[in-house]
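Residue numbers (the numbering used here), protein chains in the order written: chain A, 337 to 584; chain B, 2 to 180; chain C, 23 to 381.
Heads up, a few of these hints could be off.
[To be verified] Only part of the chain C face toward chain A is listed, based on derived beta-carbon distances under 7 Å:
#  : residue
1  : 67
2  : 68
3  : 70
4  : 72
5  : 88
6  : 89
7  : 92
8  : 230
9  : 231
10 : 232
11 : 233
[Unchecked claim] Below, simulated DSS-like cross-link-like pairs (lysine-lysine); rule was C-alpha separation at most 25 Å, straight line:
#  : chain 1 : residue 1 : chain 2 : residue 2
12 : C       : 27        : B       : 153
13 : C       : 261       : B       : 3
14 : C       : 297       : B       : 3
15 : C       : 297       : B       : 66
16 : B       : 154       : C       : 27
17 : B       : 158       : C       : 297
18 : B       : 32        : C       : 297
The set of hints was computed from the structure by calculation and includes no laboratory data.
Just so it is clear, CB atoms sit at the ideal spot from N, CA and C, and this is done for glycine as well.
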Amino acid sequence: MAEYMRSHMIADAQSGYCPGCLHALATRLVSDVIEELGQADNSLNVISVGCSALNILYWNGDFLSVAHGRAPAAATGVKRTNPERLVFAYQGDGDLAAIGLAEIMSAANRGENFTVIFANNQTYGMTGGQMAPTTLLGQKTTTTVYGRDAETTGYPMKMCELISTLEAPVFVARYALNSPKGIRDARAGIKKAFEYQLAGKGFTFVELLTNCPTNWKLSPLQTLEYMNTNTIPYFKPGVYKDKEAENV
Amino acid sequence: MKQSFVFSGSGGQGIMSAGITLAATAIEMGKHATYLPEYGPEQRGGSAKCTVVISEEPIVSPLPKYCDNLIVMNEQAYAKFAEDLKEGGVLLANSCRVKDAAIENARVISAPVDDLALELGSAKIANTVLMGILIGATGIVSREAFTDALEKKFRDKKPGVLEMNMAALDKGIEIGRKA
Amino acid sequence: MGDIKFMKGNEAIAEAAVRAGCRFFAGYPITPQNEIPEYLSWRLPEVGGAYVQGESEIASINMVYGAAAMGARAMTSSSGPGISLKAEGISYLAAAMLPALIVNISRGGPGLGSIQPAQSDYLQATKALGHGGFHAMVFAPNSAQEAADLVYTAWDYAERDRNPVLLLMDGCLGNIMEEVQLPPMREMKDEDLPEWSLTRRNGRDYQGNITPIYTEPILEGINTMAGEMYKAWEEDDVKVEEFMLDDAEYVIVAYGIASRVAKEAVLRLRAEGHKIGLLRPITLFPFPKKQIRDLDYNRVKGIIDIEMTIPAQMREDIELQVKDRCPVYEYGRSGGCLLDDEGVYEAIGEILAGGENNG
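Make a model of the complete structure from these sequences and hints.
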């Protein structure tokens, strides 16, 4: 049984994430896997804009902070000039599925050999809880005060499903971080994605369903239940694409 | 002596290629030259024009308004640029497509460039016939220097292409000298 | 003498960049700069570099941002509309203190404007390449040769200052073919990688981070340092060509393609006995303030700003230095209509005649 210890990749400081926020867990999983793979010094975190940007304060490894939505583009420049580094972008849903949609789809389509960790909490957390491209129908936000209405705002975007239609990506999977099993699966998924990258196999994408107690206006425990009854039925966890497994 | 040349016609007539080869040949001969292309948004079939300036001295401006030599491959080009020819300049017109080319106080050379090219084997060598006439009439570059340029350009092309262009050049020079 | 090549301005820029050590390019197609990405798409892989055709100008500038952070000599190129899209990314480069070369082969504007050449982006280049009040050094060559020479030194300035450099040249010079003597190929070694870069190849064994966002007191310090850097540029880095100014009563100020047409006019007017000269800014930022401010205004009767854009955009910078000590005139063509020798000669002739009548 492994000892539970603070990851060396994360600064010994109080987290700025709101109480009960799963972002902290998501970054913890990523850092654990990097350490397990012996990649602490070789990893480079391309930090996007949104609550994900708080990583600037806590991430102990090398990082490059970039413009809103452009992490996959910046990561392309990083990886093409330094192919030996373990490069990952850590993006939220507004960053990835709205302003950065062109960048994520194009990087995936080029088969860039890096990993994107996508934290999907269905809201713009840092700016105060506005509607995100992934906000569920009926979900109340500060810009959909009566709940998201498909008539005027369309439907929540399913990024794993979209990206898995592309030819180039080698691993595309979604996990929910609201249960021990979900967390264990996510850790294994992140590990697989990084291993694929280190083997030079190509583009890997891991979506993590997270929460936002502050903007969902629910207690942390209620958010986990909300995810079971609302988020998971729409954003179904699972491996959407695994080219290596297909080849077996 | 600074000499300016405007080549014009439609895309696909080898206008740009003629201008580049002339300028490159002049540089090979130790002169200075600039080549400036102008084209419309179309890839083919639109208007094509280029300006070449050749001089013993480094070129200051590559943008003369009036040219010493105007080479027109079709009627539209003639209509558009005839007024840009300097007094006493040379007008070289493809008579297959430009009817009744006539500019006062200019040395007008009309030749059925398209027909000559076809007689020599291909419509594609019309621009080489044209360059031959220009060289024959003005002596702006030497035959030797221009044949070197043709050899470089067509060395790796299909057998026979270079020979066809050489014949086109000589036919043009013969016409140019008499004109 | 090295080998003289007959090549396009755009290709001279591309090859000079490779020889300067550029190993990363990202860009998006736009006329009239396409020869740059086309050339680099095959040339960079030959020297172990990477070329990426971005999905947009926005993505491309951010790819450059990523490569620059790793210490690679990186560049992008575009034309006015695309430079507008890159504005955010250029601002981020300045904020994150990353060196890079941005090339603008300019065309008629505003908007989609015209694909034909124009000098329509002076204000964008020198005043506000992006938000936040930063500057980049702006080089404005007037020949394919000078473009190659300036590109060759661009990263030396960019790395010295940890700031992007802009090369501004109109579509006419981008597409012109003329003689170019190319600079030698530089050897780029891993140990030359900047110590601040995020690559591990520079031997760094501590955490590296690069960010375009800062907390309050730090950002003010960075802004202050930038201000001092711009002042130092004015002292040390102004490049200008002064032609026949010693006794000139009329001084043309023109850069890029306009300066060549203007110089032709100066030669012709001098032959006719007019005392006229040319002051050509080669750096548009830093602007040659001193050179214009210190002209002898007891002798100089007029300044003539010639630009291939209407209205003239450099005029305000000139007027700030002239300080009403003589009239400032302007002449230009715009929207893809090119300046030409005759037009510039005649326009200057009218100004001289008018000035002499007024005098």
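Cross-check of the supplied hints:
no. : hint              : result
1   : 67                : 11 Å, violated
2   : 68                : 15 Å, violated
3   : 70                : 10 Å, violated
4   : 72                : 4 Å, holds
5   : 88                : 3 Å, holds
6   : 89                : 4 Å, holds
7   : 92                : 5 Å, holds
8   : 230               : 5 Å, holds
9   : 231               : 5 Å, holds
10  : 232               : 5 Å, holds
11  : 233               : 4 Å, holds
12  : 27(C) <-> 153(B)  : 14 Å, holds
13  : 261(C) <-> 3(B)   : 29 Å, violated
14  : 297(C) <-> 3(B)   : 24 Å, holds
15  : 297(C) <-> 66(B)  : 24 Å, holds
16  : 154(B) <-> 27(C)  : 15 Å, holds
17  : 158(B) <-> 297(C) : 55 Å, violated
18  : 32(B) <-> 297(C)  : 30 Å, violated
In summary, the structure is inconsistent with hints 1, 2, 3, 13, 17, 18 from the numbered list given earlier, while agreeing with the others.
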